[in-house]
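Line order of the protein sequences matches chains A and B. Counting along the first sequence from 1, when you hit position 98 you're at 98 in my numbering, and nothing is skipped either side. Counting along the second sequence from 1, when you hit position 65 you're at 65 in my numbering, and nothing is skipped either side.
Derived by calculation from the structure, the hints in this document are not laboratory data. Predicted, not measured: the structure shown is a model, and the values here were computed from it. We put the beta carbon where it would ideally sit given N, CA and C, even for glycine. Do not take every clue at face value.
Stated by the list, open to error - Calculated lysine-lysine pairs in the PhoX-like style (CA-CA distance at most 25 Å, straight line):
1) 36(B) with 9(A)
2) 36(B) with 51(B)
3) 70(A) with 57(A)
4) 56(B) with 97(B)
5) 97(B) with 71(A)
6) 57(A) with 97(B)
7) 70(B) with 56(B)
Said to hold, decoys possible - Sample of chain A residues at the chain B side, in silico, Cβ under 10 Å:
8) 4
9) 12
10) 15
11) 35
12) 43
13) 45
14) 105
15) 107
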Amino acid sequence: DGGITQSPKYLFRKEGQNVTLSCEQNLNHDAMYWYRQDPGQGLRLIYYSQIVNDFQKGDIAEGYSVSREKKESFPLTVTSAQKNPTAFYLCASSIAGNSYEQYFGPGTRLTVT
Amino acid sequence: GQQVMQIPQYQHVQEGEDFTTYCNSSTTLSNIQWYKQRPGGHPVFLIQLVKSGEVKKQKRLTFQFGEAKKNSSLHITATQTTDVGTYFCAGRDSWGKFQFGAGTQVVVTP
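Bound conformation, chain B alone:
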């Protein structure tokens, strides 16, 4: 069955540095969504990617969908303490099955 894997599981970042988290699917995806969950909170939708090779930006966040539509990445530049939280990708396969990855927990040190 479909599997969505995220790496790394944990990311410790110095404030001001850049980092990237990756999402890989065992099957081709029709779309992929990214969510952020602050500590003690609930997931909040960030963005959806649909097209092969698509790149979308939200201020310091850059999201990319791979050409084969089996992987995606989230790159954050100049990390701030407000970026703390767990970032989840969620991929939907061609049958409509939607699966979340295990998330990347981001810790920012000042």
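In isolation and in its complexed conformation, chain A is listed as follows:
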């Protein structure tokens, strides 16, 4: 069954700790994306990757880091430098290019206290 998986569904961390969110896809998509969703603000792009070993900053990359060592995996690290890390994080993938829809994972809800 093809798709995108994100784990865990809920994550709790203390302020000052780095945390890594997992995103795996078996759709054979080249492009992968990380979005942050806050109430009333839609989806904001954090980072994206069009190909393995390459990634670009999105609109709100500060305080986040990513890696793309494998086509299937695009983990996101929320660092202690991110001032408001509590949010719903969505990972997506698509065929590379400008005309393809994005497939989203179920999301990870991160709470930092």
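Chain A is already provided as a structure; the job is to place chain B on it using the hints.
Structure of chain B alone, referenced to chain A:
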């Protein structure tokens, strides 16, 4: 920079009624996509519009791309409880930058 705005932010609809949600971009778009996110779920792709003035239908949903390719609309007829959720538009500009609107949250009362 590019801005994509959606109105209204909230839409309360009586079951059986029609409604329209609008998406407006500050720049000309190369294409626009619409997604639906059910409460507690993740966005799911509905449709993509590419051509100026394009109209596409999916059962009770009608999507339209404006002639200037700067706005789009989603019209739902005979609203059902299954239409509950947040509808997002996402526009791509000529540089390939892709931006989601803030969404229209739809609540349906029986």
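Checking against the hints above, which ones are violated?
-> Numbers 9, 10 - these are the hints that the structure violates, sorted from lowest upward.
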